[in-house]
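Novice: Sequence:
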Amino acid sequence: MTAGRVVRLQMTAVSTPLTAPTPADFDAGFNATTGPTFTVSANASWTLQVHAAAATWTATNTSPGAPARANKPAADLQWSTASNGSFVALTTTDVNLVTGAATASNATTLYFQTLYDWTLDTPGIYSMAIVLTLTSP
Numbered sequence: 001m002t003a004g005r006v007v008r009l010q011m012t013a014v015s016t017p018l019t020a021p022t023p024a025d026f027d028a029g030f031n032a033t034t035g036p037t038f039t040v041s042a043n044a045s046w047t048l049q050v051h052a053a054a055a056t057w058t059a060t061n062t063s064p065g066a067p068a069r070a071n072k073p074a075a076d077l078q079w080s081t082a083s084n085g086s087f088v089a090l091t092t093t094d095v096n097l098v099t100g101a102a103t104a105s106n107a108t109t110l111y112f113q114t115l116y117d118w119t120l121d122t123p124g125i126y127s128m129a130i131v132l133t134l135t136s137p
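Per our numbering, residue 1 is the first one in the sequence shown, and the count goes up by one each step.
Keep in mind that a hint or two might mislead.
Computed spacing ranges between beta-carbons, pair by pair [said to hold, decoys possible]: (1) Ala107 with Ala54: 46 to 52 Å; (2) Thr60 with Ala107: 30 to 36 Å; (3) Gly100 with Pro21: 32 to 38 Å; (4) Thr58 with Ser105: 32 to 38 Å; (5) Thr103 with Pro36: 34 to 40 Å; (6) Thr92 with Met1: 38 to 44 Å; (7) Ala70 with Thr103: 38 to 44 Å; (8) Ser15 with Pro73: 33 to 39 Å.
Hint data in this document are derived by calculation from the structure and do not stem from the laboratory.
Don't be surprised by glycine CBs; every beta carbon is placed ideally from N, CA and C.
When you get a sec, could you build the whole thing from the sequences and use the hints?
Specialist: Right under this line is the structure:
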């Protein structure tokens, strides 16, 4: 019998509704949302990476005369593994989210900050897919 590398990624949710912005959020330039908690199990070292599936958000118009911002960049969504940590702008290039050694259960929560600008972010429904990739080199 040969035992190969085995890795598993479990998540508390496959989608995260972002917190709707308030006037205070626009004044601050951002708001915060707690994302999913993911748990990695692996019998060898592993790396979990993250990237945006597209360079811009998907935008759907909701207000006549005020089209949704079709060019809202993926970088307007920032992520961190600590609620009070440094946040990193999302890009379309894989970035290491967390790495570890062999483990039965390594849990990490993902936190988001969404950036807002009074003059750019028009009414609309916005969404963006992010991609998580778990590897064991």
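Novice: If a hint holds in the structure, say so; if it doesn't, say that too.
Specialist: Do the hints match the structure? See the list:
One distance hint, 46 to 52 Å for the beta-carbon pair alanine 107 and alanine 54, is violated here, with the actual separation near 28 Å. Checking the proposed 30 to 36 Å range against threonine 60 and alanine 107 shows it holds: the Cβ atoms sit about 34 Å from each other. Checked against the hint of 32 to 38 Å, the C-beta distance between glycine 100 and proline 21 comes to roughly 34 Å, which is consistent with it. At about 34 Å, the beta-carbon gap between threonine 58 and serine 105 stays in the expected band of 32 to 38 Å.
Between threonine 103 and proline 36 the C-beta distance comes to about 18 Å, which lies outside the given range of 34 to 40 Å. Remark: the range hint 38 to 44 Å for threonine 92 to methionine 1 is upheld by a beta-carbon distance near 41 Å. Separated by about 42 Å at the C-beta atoms, alanine 70 and threonine 103 satisfy the suggested range of 38 to 44 Å. Between serine 15 and proline 73, the C-beta spacing of about 20 Å breaks the proposed range 33 to 39 Å.
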